[in-house]
Every structure is written in structure tokens, then in C-alpha cells.
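Go by the hints and put chain F onto chain S.
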Amino acid sequence: MINKDSKVLLEVKDLHATVDGVEILKGVNLTIRAGEVHAIMGVNGSGKSTFSKVLAGHPDYTVTAGTAQFEGKDLFTLEPEARARAGLFLAFQYPVEIPGVSNSALLRLAYNTLQEECGQEELDPLEFDDLLQEKIKIVEMDPAFLSRSVNEGFSGGEKKRNEILQMAVLDPKLAILDETDSGLDIDALRIVANGVNKLRTADNAVVMVTHYQRLLNYIVPDYVHVMSGGSIVKTGDKELALELEARGYDWLKAA
Amino acid sequence: MSTALDNLVNQPYKHGFVTDIESEVVPKGLSEEVIRMISAKKEEPEWLLEFRLSAYRHWLTMTEPEWANVDYPKIDFQDISYFAQPKPKKKLASLDEVDPELKRTFDKLGVPLHEQKLMSGVAVDVIFDSVSVTTTYKTKLAEIGIIFCSFSEAVREHPDLVKQYLGSVVPTSDNFYAALNSAVFTDGSFCFIPKGVKCPMDLSTYFRINTEGSGQFERTLIIAEARSSVCYLEGCTAPQFDTNQLHAAVVELVALDDADIKYSTVQNWYAGDENGKGGIYNFVTKRGLCKGVNSKISWTQVETGSAITWKYPSCVLLGDNSIGEFYSVALTNHMQQADTGTKMIHVGKNTRSKIISKGISAGRSSNCYRGQVKIGSRAAGARNYSQCDSMLIGDRCAASTFPTVDVQNTSAQVEHEASTSKIGEDQMFFFAQRGIDSEEAISMIINGFCKDVFVHLPMEFAVEATKLLGLKLEGSVG
Numbered sequence: 001m002i003n004k005d006s007k008v009l010l011e012v013k014d015l016h017a018t019v020d021g022v023e024i025l026k027g028v029n030l031t032i033r034a035g036e037v038h039a040i041m042g043v044n045g046s047g048k049s050t051f052s053k054v055l056a057g058h059p060d061y062t063v064t065a066g067t068a069q070f071e072g073k074d075l076f077t078l079e080p081e082a083r084a085r086a087g088l089f090l091a092f093q094y095p096v097e098i099p100g101v102s103n104s105a106l107l108r109l110a111y112n113t114l115q116e117e118c119g120q121e122e123l124d125p126l127e128f129d130d131l132l133q134e135k136i137k138i139v140e141m142d143p144a145f146l147s148r149s150v151n152e153g154f155s156g157g158e159k160k161r162n163e164i165l166q167m168a169v170l171d172p173k174l175a176i177l178d179e180t181d182s183g184l185d186i187d188a189l190r191i192v193a194n195g196v197n198k199l200r201t202a203d204n205a206v207v208m209v210t211h212y213q214r215l216l217n218y219i220v221p222d223y224v225h226v227m228s229g230g231s232i233v234k235t236g237d238k239e240l241a242l243e244l245e246a247r248g249y250d251w252l253k254a255a
Numbered sequence: 001m002s003t004a005l006d007n008l009v010n011q012p013y014k015h016g017f018v019t020d021i022e023s024e025v026v027p028k029g030l031s032e033e034v035i036r037m038i039s040a041k042k043e044e045p046e047w048l049l050e051f052r053l054s055a056y057r058h059w060l061t062m063t064e065p066e067w068a069n070v071d072y073p074k075i076d077f078q079d080i081s082y083f084a085q086p087k088p089k090k091k092l093a094s095l096d097e098v099d100p101e102l103k104r105t106f107d108k109l110g111v112p113l114h115e116q117k118l119m120s121g122v123a124v125d126v127i128f129d130s131v132s133v134t135t136t137y138k139t140k141l142a143e144i145g146i147i148f149c150s151f152s153e154a155v156r157e158h159p160d161l162v163k164q165y166l167g168s169v170v171p172t173s174d175n176f177y178a179a180l181n182s183a184v185f186t187d188g189s190f191c192f193i194p195k196g197v198k199c200p201m202d203l204s205t206y207f208r209i210n211t212e213g214s215g216q217f218e219r220t221l222i223i224a225e226a227r228s229s230v231c232y233l234e235g236c237t238a239p240q241f242d243t244n245q246l247h248a249a250v251v252e253l254v255a256l257d258d259a260d261i262k263y264s265t266v267q268n269w270y271a272g273d274e275n276g277k278g279g280i281y282n283f284v285t286k287r288g289l290c291k292g293v294n295s296k297i298s299w300t301q302v303e304t305g306s307a308i309t310w311k312y313p314s315c316v317l318l319g320d321n322s323i324g325e326f327y328s329v330a331l332t333n334h335m336q337q338a339d340t341g342t343k344m345i346h347v348g349k350n351t352r353s354k355i356i357s358k359g360i361s362a363g364r365s366s367n368c369y370r371g372q373v374k375i376g377s378r379a380a381g382a383r384n385y386s387q388c389d390s391m392l393i394g395d396r397c398a399a400s401t402f403p404t405v406d407v408q409n410t411s412a413q414v415e416h417e418a419s420t421s422k423i424g425e426d427q428m429f430f431f432a433q434r435g436i437d438s439e440e441a442i443s444m445i446i447n448g449f450c451k452d453v454f455v456h457l458p459m460e461f462a463v464e465a466t467k468l469l470g471l472k473l474e475g476s477v478g
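Going down the list, the sequences are from chains S and F. So in our numbering the end of the first sequence lands on 255, straight run, no missing numbers. So in our numbering the end of the second sequence lands on 478, straight run, no missing numbers.
Just so you know, these hints were derived from the structure itself, not from any lab. The reader is advised that the hints may include incorrect statements.
To be verified - Below, a list of computed lysine-lysine pairs in the DSSO-like style, where the Cα atoms sit at most 30 Å apart:
#1 S/Lys253 to S/Lys13
#2 S/Lys159 to S/Lys238
#3 S/Lys137 to F/Lys451
#4 S/Lys173 to S/Lys7
#5 S/Lys159 to F/Lys422
#6 S/Lys159 to F/Lys451
#7 F/Lys41 to F/Lys28
#8 S/Lys234 to S/Lys4
#9 S/Lys4 to S/Lys73
As the list claims (entries may be wrong) - Estimated spans, in silico, between C-beta atoms of each pair:
#10 S/Ser155 to F/Tyr72: 45 to 53 Å
#11 F/Glu439 to S/Asp185: 38 to 46 Å
#12 S/Pro125 to F/Trp67: 43 to 51 Å
#13 F/Tyr385 to S/Gly156: 26 to 34 Å
#14 F/Val455 to S/Val8: 48 to 56 Å
#15 S/Glu97 to F/Gln408: 33 to 41 Å
#16 F/Lys467 to S/Asp60: 25 to 33 Å
#17 S/Ser155 to F/Glu143: 57 to 65 Å
#18 F/His158 to S/Leu131: 55 to 63 Å
#19 S/Asp60 to F/Glu440: 16 to 24 Å
#20 S/Leu131 to F/Ser168: 54 to 62 Å
#21 S/Ser155 to F/Glu64: 48 to 56 Å
Backbone N, C-alpha and C define an ideal beta-carbon position, used for all residues, glycine too.
Same shape as in the complex, but just chain S:
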């Protein structure tokens, strides 16, 4: 939903970043306002995933130039956990397993950390369970998953749904979904997409990083950006995604 008057959540200017001394991002510019849905597309190695990790503060990446303002705050001066607490959420491409740590314990700790951050009352396990029972419906997950260890023994699709459950519980202002659609069968894709749609409001925004147009049939983007060679080379609306599906990426390669 585009509303030119709504608040700017994220403003990235001329972002350059390296990993192991190799420059991956070479001047990314992007503005995201509340209520918007953006899709970032591109071939493997174009810098899409790097972009999402740099925003979230992954320690492997070094920002060498450029700025990112998140609700007016300089994102790059914040530690990764502070960025998360400020409302930036990354749904991981490859969710990690945490043996022995139950899903609900992790969610409660994360939730209560946020509550504490905004001076709200923490929830005890019983109160939190009530909240979880509501949230879990959004991703159509079996409540049995709550007591299982985080992602341990989960199928690919279950892991991705679990990421969206975390998003549902933490209610971020800006959610970046890093290839959340990869490895999903059509039913799981629908469930994940429905989940994300239910969580959309006029005050938050979603960035989907994806290879395929498929996901965009379910979560309709306001903007589609094509990344190539470490920068955004073209921006359009959802029609651009269909065009990419038909023509491929070659015609857009960065010079």
C-alpha cells in the first residue's frame, strides 16, 4: 500500500559493504515507508542476501560507505540486538537449530526482552502461552512445535513457518524475509504468505528477498527492485516481476 505521506521507516543511501575484503554491495539506495511491501529480486550473488544481513548487522560484513537510517536512527551505530529491539526483523534463509531450547522458551525470552525495552510488563509463562496460542494460528502450526527444540528436526517448510511465527510474536516494524519462499512446497508457501499478509498493517513494512515471482502472487509488492552486481539497477511495480519471470535477468545486468 503506497502512501507518500506515511512515515519513512528505512532510508538507505549509497551503501557499500564488504565480506572478507571483497566488496559485495556497491552503492545501494532504498527508501521504505510504513505500509509498503518491497520485493528485492536478482540472480544468485547479486547481493540480495548480503543486503539483508548488513541491515541486520551480521558480523561477517563490513560497511565501508553509505548510511542507513531506521526511523531516523543511524542503524550502523546500533548492535544487532539493538536493531532487533528497535523493530527490525530478519527471517533467515537458513534458520539455525538450537538443541535443547524449546521454541516457546526462546519466543518468551525474545518477547520479554522487547517488552522490557519498551517499559512494558513481562509475561509469565502462562500469560505468554495464551498469546502464543493466538499467534500460532497465523502460521497454522501444530502447538506441539512450541515445546520442541528450536528448529531441531523441523522440515524446511516448518523452519520457515517458525520464522514467521517469531515475526508474529515480535511484531516488528520492518520485516526482511530472506528467501523465505525457497524450499517451500505450494501449500507451505501459501501458509507462509497468508501469515505475512495477516501481519501487515499501515504502520509496518515488509521486504521480501526472492528469486522467484511465485511468492509475489501471494504477497503483492508495491515495489519490485532488481539487484545486480551489488546495487539496485531497476525499480518497478509488480509487473516488473512478471517481466523478469518471462525474460530472465540478463537484460538488466549492471554495466
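The following block gives chain F in isolation, referenced to the frame of chain S:
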């Protein structure tokens, strides 16, 4: 309440508490003469002196074991004083005088105030008079026939029981350190649970240590008669300092028909500084004998301290259908070295054993699991399940696993699983991205890793152990 308590604590201690027993120290070195002197000072019966002397004579023929995966300078056994009555710690007037670093540790662990005082040697006043607590406790137990006292007291009051069981599980000739302990042990704990009695509370060394003080060579003997059961807790999470570098304790457990002994340890001896200077050498022999049919012995340990840990709590499953269990978390950081594990010796029919070992290494430490499962020829239908998991934090530490399996009966089933994992940057980043700081993340990962062991600890021990691990690993990641 707390102001009243503060006032009480802050007033100068009325009874002075300057007890000079320094003169009790026997000259350094070990000889038959020294052993006779120890025995005489303790007014021991002749048979116990003989026990000590035969252990000593055997010790002379033994050499220090070198097979363990630990490295330390040679110990000069003639440079140790073998009979120093435990020196009373300097009494402090209030907690304000306690080393701030120690105080910080207490606070982080959530050690209750009165316990903090006991641990740090603050003179404890009327409210928490440890002697009276101990007495109440003892009286209550005595009513149902349970004997729980210091080893010396047991020798005086219950010589027949001690004589019958001492050395029956760990013979004096068992190993170098056990022989040394048998020759020179000064004190320890004794516990006897009579037939059919289920001990109504956890027995803790905490209550004993306050009156007796533990020594460098501690001796523990626990006997559970037919159909009885007991939970025994050793140690505490608070850091313990000691001027004695070498600790060689012996613990013997005996379970008769249908008896059940659960022995839990949380060990946090001083581990030395970051470069490995100082720190306790903890060379312990712990063994349980499931003597009767259907008996069960379960060891649970959380080892976090000591510069060197050399410890293999074991079970000899003699009675048919008896069960041995070993649940262990061993954490090493900085320059610590741990070589720990268990032995499960299956002798009787249908005996079962279970081993769950979790090793966590951080810093430049070395953490080694060493285990033996032996199924004797008579142990038809015996079963063992072993699981050894190691977790590495950082890339300068080491973890090794040395399992030995020896099966002499074809109807036995033995399973062994092992895994090694690392707290990865990806896990840490995941937690950070969910707003959780690194300290809490590590604590959560570690507790998840150790969950299978912690569930076997008594509730309050488990809570403290959880915090302790987090504290021990502070600053190891990121």
C-alpha cells in the same frame, strides 16, 4: 527483617572466634610414622591404623598414573603436610569485608544471604547458627534411624559399620590416589540409611562442612540398606578456595537389594587464573557398588572448577537387574583440563546402565571424556546406552572422547552415540537478531545442551548450576 539481620551481622562478634590450631600441623612428608601419628591424633582403633598402613605400603609400590589427557608438573608427595587440621577460615565481621569479586559472584549466582556468609567465613549469628541447624537436622534423621555424620564421628560411634564397608568398593590398592587417600584421609562424610527407609530430605555436605570442615583427603561412605533410598548432594556452586593444591578424595557407595542412591555433585573449586596459575588438582575416585538385586546408583555431576579434574564416578553392577547411571556436565575454560567420565561394570544379569556426558570447552581448555563399559560373561541381557556430546566455544579449546567397550556376553546390547558441536556465529547472530544479548544467548544454548543432565539434579541445584555455567563462560564468546 533485612535491617534486623544487618544489625545482627554488623555487630562485633561476641565470641571472638580466634582459635589457634596451627600447632596441629605435622611435619611435611609421608612415612609410616606420620600415618601412625595421624591415627593416634584421631584416636583411631587398631584396625583403621592397619587399613591405613596397608594402603600406604601398597602406595609405595605404585606409580602416578600418566594415561590421563592432562598435563601438569610432577607432584612432590614428600612436600605435602598430611595432617593439618583444617584451618578455620579467618572470620569476617560482615559481608562488607568479603572480597568484592567473590561477593559479585555470589550475587550473580543468587546464593542466599545466609549461605553467602557461611561460604565466605562471615561469623554467623544466632539466627543462622549453623551448629543448631545441623543439630536439628541430625535429630530429625536419627528418629528414623538414619546416620549422617562426619567420618571421624562414624569411626567413634559406629565402628562396626565403618569396618564392614570401608574399602569394600574402592580397595586400598585400587589406584595411586585412592591408595594415598586410604593412607592419609583426615575426615569426610558418613551416611547410613537403614532397611526400608526412604530418606525424607536431600542430605547435603553443606550442613556437615560448617561444623567439620573438609580436608584435602576427604573420605565419603554411603550405605543404603535393602529397600532404602537417599539423595545426596555434594559441593556447592559458590567458588571454593583452598590453599591445598592437591585434592584426592574417595567416595564409596553401597546399595543393597532394591536400594536407590542418587549422588549429585556441583563442583566449583578454584580453577586458577586465566593463565592457569594456581588452581586445584582434583584427583577423585568415586565408585558405587550395586550389591543387591534391583539396586540403583545414579551419579549426576556438574564439574566447573579445578585446574585439573581427574574423575570417573563408576558403578559396579553386581546384583541382578541393578541399574547404574551417570549424568555429567563438565565445563572447562581458560587453561582448565578435565579428564572425566565413568566406568560401568556389568556383572549381574539384566543389568542396565546409562551414560549421558556433556563436555563444554572454552578458552584454551581441554575437555576429555573417558569411559569404559564392561559387560562380564555372566551378565546375560545387560544393556548400556552411552551418549557423549561435546560443545566447543571458540577455536583454541579441545574436546576428546575415549570410550572403551568390552563385551563378553553375546546377549548384551551396547549403544554409543557421540557428537561435537560448536556455538557458532550463526547461532549467536540468530539470538542477537531476536533482540537477545550474547550473555543470555550463551546461557540458553548451554542450558539447552545440558538439559538431559540438569533434569536429574535436584531443583535448586539445577537452578544454581544453570547460572553457574553462564557465569563461568562470561566473555568467552564475541
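Taking the hints in turn, this is what the structure says about them:
1. Distance check on the hinted pair: S/Lys253 and S/Lys13 sit about 21 Å apart at the alpha-carbon level, within 30 Å; holds.
2. A hinted pair counts as satisfied when its Cα atoms are at most 30 Å apart, and S/Lys159 with S/Lys238 qualifies at roughly 27 Å.
3. For the suggested pair S/Lys137 and F/Lys451, the alpha carbons sit about 29 Å apart, so the restraint of at most 30 Å is met.
4. For the given pair, S/Lys173 sits about 11 Å from S/Lys7 by alpha-carbon distance, which is consistent with the 30 Å threshold.
5. Proposed proximity of S/Lys159 and F/Lys422 is supported: the alpha carbons are some 21 Å apart, at most 30 Å.
6. About 22 Å separates the Cα atoms of S/Lys159 and F/Lys451, which keeps this hinted pair within 30 Å; it holds.
7. Restraint check: the Cα-Cα separation between F/Lys41 and F/Lys28 comes to about 16 Å, which is no more than 30 Å; the hinted pair holds.
8. The hinted pair formed by S/Lys234 and S/Lys4 meets the criterion: a straight-line CA distance of about 20 Å does not exceed 30 Å.
9. At most 30 Å may separate the alpha-carbon atoms for a hinted pair to count; S/Lys4 and S/Lys73 meet this at roughly 20 Å.
10. For the pair S/Ser155 and F/Tyr72, the beta carbons lie near 49 Å from each other, so the given range of 45 to 53 Å is met.
11. Between F/Glu439 and S/Asp185 the beta carbons are some 39 Å apart, a value that agrees with the proposed interval 38 to 46 Å.
12. Our hint of 43 to 51 Å for S/Pro125 and F/Trp67 holds, since their Cβ atoms are close to 48 Å apart.
13. Take F/Tyr385 and S/Gly156: their Cβ atoms lie about 31 Å apart, and the range 26 to 34 Å holds.
14. Remark: the range hint 48 to 56 Å for F/Val455 to S/Val8 is upheld by a beta-carbon distance near 50 Å.
15. Between S/Glu97 and F/Gln408 the beta carbons are some 39 Å apart, a value that agrees with the proposed interval 33 to 41 Å.
16. Our hint of 25 to 33 Å for F/Lys467 and S/Asp60 holds, since their Cβ atoms are close to 31 Å apart.
17. Between S/Ser155 and F/Glu143 the beta carbon distance is about 58 Å. The supplied range of 57 to 65 Å therefore holds.
18. For F/His158 and S/Leu131, the Cβ-Cβ distance of about 58 Å falls inside the hinted range of 55 to 63 Å, so the restraint holds.
19. Range check, S/Asp60 to F/Glu440: about 22 Å between beta-carbon atoms, so the 16 to 24 Å window is met.
20. At about 58 Å, the CB distance of S/Leu131 to F/Ser168 agrees with the hint of 54 to 62 Å.
21. Remark: the range hint 48 to 56 Å for S/Ser155 to F/Glu64 is upheld by a beta-carbon distance near 54 Å.
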